[in-house]
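Mind docking chain B on chain A? Use the hints.
From first to last, the protein sequence lines stand for chains A and B.
Note that our numbering has the first sequence beginning at 151, numbered continuously upward.
Note that our numbering has the second sequence beginning at 6, numbered continuously upward.
Keep in mind that a hint or two might mislead.
Cross-link-like lysine to any residue pairs, in silico, SDA-like; alpha carbons within 20 Å at most [what the hints assert, rightly or not]:
(1) B:15 x A:417
(2) B:21 x A:534
(3) A:405 x B:42
(4) B:25 x A:222
(5) B:66 x A:531
(6) B:21 x A:389
(7) A:534 x B:51
(8) B:66 x A:222
(9) A:357 x A:222
(10) B:25 x A:534
No lab work stands behind these hints, which were simulated from the structure alone.
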Amino acid sequence: MKTIALAGNPNCGKTTIFNAMTGSSQYIGNWPGVTVEKKEGRWKGDSDIKLIDLPGIYSLSPYSLDEVIARNFLLNENVDLIVNVVDATNLERNLYLTTQLLETGIPVVVALNMMDLVKNHGDRIHIEELAVQLHCPVIPVSGLKNEGLDTLADTFVKDIGRGDRLHFSIYSENIQKYLRRVEGVCSFCDAAKKEWYAIKLLEKDEKTMEHIAMINADMQQIDSMREEMKAEFDDDIQSIIADARYVYISDLVAKTYTKTRNGMCLSDRIDSIVTNRVLALPIFAAVMYIVYYVSVTTIGGFVTDWTNDVLFTEIIPPFVEEFLISLDCAAWLSSLILDGIIAGIGAVLGFVPQMFVLFFFLALLEDCGYMARIAFIMDRIFRKFGLSGKSFIPMLIGTGCGVPGIMASRTIENEKDRRMTIMTTTFIPCSAKLPIIALIAGALFDGASWVAPSAYFIGIAAIVCSGIILKKTRLFAGDPSPFIMELPAYHMPQLKNVLLSMWERGSSFIKKAGTIILLSTIVIWFASRFGIDDGAIVMLEEEELSKSFLAVLGSGMAPLFAPLGWGNWQAAVAAITGLVAKENVVATFGILFGFGEVAEDGVEIWNAMALSFTAASAFSFLVFNLLCAPCFAAMGAIRREMNHTKWTVFAIGYQCLFAYLASFVIYQFAMISVYGFTMMSALAVAVFVLFVYLLFRKPKSKEKQQQKEYAKA
Amino acid sequence: MLLTTAPAGKELRIYKIIGKDDVRSRLSDMGFTEGSCVQIINEWKGNVIVCIRDARIALDKTWANRIMVCEGKGEIE
Numbered sequence: 151m152k153t154i155a156l157a158g159n160p161n162c163g164k165t166t167i168f169n170a171m172t173g174s175s176q177y178i179g180n181w182p183g184v185t186v187e188k189k190e191g192r193w194k195g196d197s198d199i200k201l202i203d204l205p206g207i208y209s210l211s212p213y214s215l216d217e218v219i220a221r222n223f224l225l226n227e228n229v230d231l232i233v234n235v236v237d238a239t240n241l242e243r244n245l246y247l248t249t250q251l252l253e254t255g256i257p258v259v260v261a262l263n264m265m266d267l268v269k270n271h272g273d274r275i276h277i278e279e280l281a282v283q284l285h286c287p288v289i290p291v292s293g294l295k296n297e298g299l300d301t302l303a304d305t306f307v308k309d310i311g312r313g314d315r316l317h318f319s320i321y322s323e324n325i326q327k328y329l330r331r332v333e334g335v336c337s338f339c340d341a342a343k344k345e346w347y348a349i350k351l352l353e354k355d356e357k358t359m360e361h362i363a364m365i366n367a368d369m370q371q372i373d374s375m376r377e378e379m380k381a382e383f384d385d386d387i388q389s390i391i392a393d394a395r396y397v398y399i400s401d402l403v404a405k406t407y408t409k410t411r412n413g414m415c416l417s418d419r420i421d422s423i424v425t426n427r428v429l430a431l432p433i434f435a436a437v438m439y440i441v442y443y444v445s446v447t448t449i450g451g452f453v454t455d456w457t458n459d460v461l462f463t464e465i466i467p468p469f470v471e472e473f474l475i476s477l478d479c480a481a482w483l484s485s486l487i488l489d490g491i492i493a494g495i496g497a498v499l500g501f502v503p504q505m506f507v508l509f510f511f512l513a514l515l516e517d518c519g520y521m522a523r524i525a526f527i528m529d530r531i532f533r534k535f536g537l538s539g540k541s542f543i544p545m546l547i548g549t550g551c552g553v554p555g556i557m558a559s560r561t562i563e564n565e566k567d568r569r570m571t572i573m574t575t576t577f578i579p580c581s582a583k584l585p586i587i588a589l590i591a592g593a594l595f596d597g598a599s600w601v602a603p604s605a606y607f608i609g610i611a612a613i614v615c616s617g618i619i620l621k622k623t624r625l626f627a628g629d630p631s632p633f634i635m636e637l638p639a640y641h642m643p644q645l646k647n648v649l650l651s652m653w654e655r656g657s658s659f660i661k662k663a664g665t666i667i668l669l670s671t672i673v674i675w676f677a678s679r680f681g682i683d684d685g686a687i688v689m690l691e692e693e694e695l696s697k698s699f700l701a702v703l704g705s706g707m708a709p710l711f712a713p714l715g716w717g718n719w720q721a722a723v724a725a726i727t728g729l730v731a732k733e734n735v736v737a738t739f740g741i742l743f744g745f746g747e748v749a750e751d752g753v754e755i756w757n758a759m760a761l762s763f764t765a766a767s768a769f770s771f772l773v774f775n776l777l778c779a780p781c782f783a784a785m786g787a788i789r790r791e792m793n794h795t796k797w798t799v800f801a802i803g804y805q806c807l808f809a810y811l812a813s814f815v816i817y818q819f820a821m822i823s824v825y826g827f828t829m830m831s832a833l834a835v836a837v838f839v840l841f842v843y844l845l846f847r848k849p850k851s852k853e854k855q856q857q858k859e860y861a862k863a
Numbered sequence: 006m007l008l009t010t011a012p013a014g015k016e017l018r019i020y021k022i023i024g025k026d027d028v029r030s031r032l033s034d035m036g037f038t039e040g041s042c043v044q045i046i047n048e049w050k051g052n053v054i055v056c057i058r059d060a061r062i063a064l065d066k067t068w069a070n071r072i073m074v075c076e077g078k079g080e081i082e
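Next up, chain A with everything else stripped away, as it sits in the complex:
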C-alpha cells in the first residue's frame, strides 16, 4: 500500500482534485478552512494507492488545529509522495509552501491547479522551466474541469517509489554555509532530510526538537552557530529563512510567469462595495434576511405546508389506511404504522423542502466567496463581546447542522476562543430545530411572521451574552486572537457544487429520518400506547394515554419543567426525546397528539397543542429547546472537539442551565400580568438581576492579568 498526500495552501482546490481522483464527494466550498480533518480515499486507477486529502496550510509551522493535523501527517506518517496542489493564480505565495515541502525529502509532484483561470486572464506560465527550477515534475491541471488529472496520475505512479531525488538548495551561499555546518552535526537522519533538519534546528522549532535525541555538546555547537548567523544577517533566523525563500521564489516567478493583467480586478471592485464601511452591514443583513425569508416563509414554507397538510394528511395516511384495512391488518399494527411511524416521520419529513431551500442558499453563499467576507465584516462586531470573526463561520454552518459547525471551529487559532465557539455555536437554531419553530409558530401564534426571526435573534443574543459573561470569567479571559484570513476571489457559483453540497447536507437529514428518528418513533409509540393497568402490561385505549409508560416517565420529569410553564408530561417527553435528535420533538407531538382519527387537516395537531400550551408556555418551551444541550450527534462532536471530559460536561451543563434560566425568566415575567407578583416572579427577577450583573460587571482578573503580562515582558 502506497500513501499519497495532497498538500497545499487553504482553498487551492485540494478537495476538488481528491474527489475527482477517488470518485468521492467530499464537501467543497470557496473559503479557506473547508477541510478541517484528513480524508482518506483510494485512487480510482489502482486501489493499492491511498490518497489523503489534508487541511490547507500556508507553511509547515502550524498555528491552528487543522494545520497541526496536516503538518503532523506529512512529517510523522510514512508518506510516499506529496502532490503539492498549487493555485496558479497566486503562484508566489503558494510556492512558499512548495519550497518547504521539497526540503522534507519526500518526493513531490506539483499540480498547478486553476490553469484555466490563468489562461482566461491572458497570463502564461512556462511550465517546463518551472519544473527544471524546482527539480520536480509540474503538471498543469484544472480540478474543476477535470483537465490534466490523467497526466498527474501517470506522473505520480511513475514517481512514487523514486527516492533518488537530485539534491538542490534554494538558498544563497551565505546561508548554505551555515546549513552545511549544522548538517555536519546532524548524524541522526538520512541525506535527503538533512537540510530540513538543519533549518528546523537553527529555527529552534519546538515540535522538531522534541523528536530528536541529541547530546548537549552538539546542541551547544548549534546554538553558537545560530548566534553567529543572527549576527551576520542582523535578523532572527525565521525571517532570514523566510526572506531567502521569497527571494528565490520572486526570481523563479519572474522567470516563469508572464503577466498581462494589472490594476484592480472584478473581485476587488466587488469587495470595495461589499466590505465597504458604510454598506457592509446593511448588505449582510439584507442577504441574511433574503436567505431566511425565502427559505422559511415563501418558497420553503409553501412547499412545506403542502407536504404537511396535503401529502402527509390527505394523500398518504388514507391510502395506507385503506391498504391496511384491505389486508385485514391487526389493529395494533395499523396503529403502529399510522399513529407511530407515519405520524412521527411525516411530521419530520414535512420540513425537508424548507431545509433544501436553506441549504441551497448557504451553498450559494459559500461557493461564490461571500462567506469569507462575512467573517471579516463580523470580526469588528464579534470582537466587542470576546469572539473573533472566525467564530462566525461555525455559527453560519451551524444553521444547517451543528456537527459540521462545531468542527469548523478548528480554524480558530486561540484555544480559549475555540472552546467558547464550540460552547456557543449550537445556540444558533440548526435546521432540525426549524420544525419546532414552525410548529410553535403555527400552533400558538397563528403563524405570526415574527416567531421564526425571533428564534434566530434569541440564538444570537444567547451567543452575545454568553460571550460577554464567559469572557469575564477567569477561564476565558484575554483578548480574542487577532484575525487574519485569506479572501478567495469571487467566482460564479458552480451549479454542480451548489447542488452537491445541498444534497450532501439534505440527504443526511433524510437518512436520519429513516434511521434514528424511525427507531425513536417506534419506541415512543410503544411507550405511549402500552402501560400497566391492573398490574398487567396492556395496550391502552385512546382515552387512557395518561396511563402509558411514557406518561409515567414524563410525569416524573414534568415537575422539573413546571416552573417553565410546560409541566405536562407530553412536553417533558418531547424535550427529552429531543436530546436524541431535535426532529424528535415534533415527531413526539405528532404521535402523542395525532392519536386516533387521521387528522382531516394538519391543524388537528395544532389544535391539540394549543389546548395544552399557552402562548407564554409555548414560547418558553421553544426557547428551552433552542438553547439546551443539542442532539446526541452534536454532543458527540462537542466531546471530540473539546477532547476533554471536564470541558464537555461544562459546555453541555452551561447550555442546559442557560436554557433553563432563560425560559424560566421569560415565562415568569409573562405570568406577572396573569397572576400578579408571586414568589416565582421574585425568583425570576433575582435570576434576571444576577444575569445583568454578570453581563455588566467589571472583569475582576483583567488588571491582575495585565500586571502579570507586564511582569513577563
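Structure of chain B alone, referenced to chain A:
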C-alpha cells in the same frame, strides 16, 4: 507609517514588521515580508483588506499595526 493609517489604493512597500518571532513568521507565511509590495483594497476602522503577492488578505487592527509601510513602488531587491 502604519498599515492601518496608510492610504487605500496606493502602491505601498513594507519596510518593517514589528513583533515577536511567532507574529513575524505567521505574517511571512502569509506573504508579508520586509521589502514586499502591498496595496490596500479596503479599510474599515483599522481592519484592512490588502493585496499582497497576488493574494487578498484580511487583517484586523492588531496585525495591521505591526506592519510599517512607506509609499512608492519599488521592486524587492
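Of the numbered hints stated earlier in the document, which are not met by this structure? 2, 4, 8, 10
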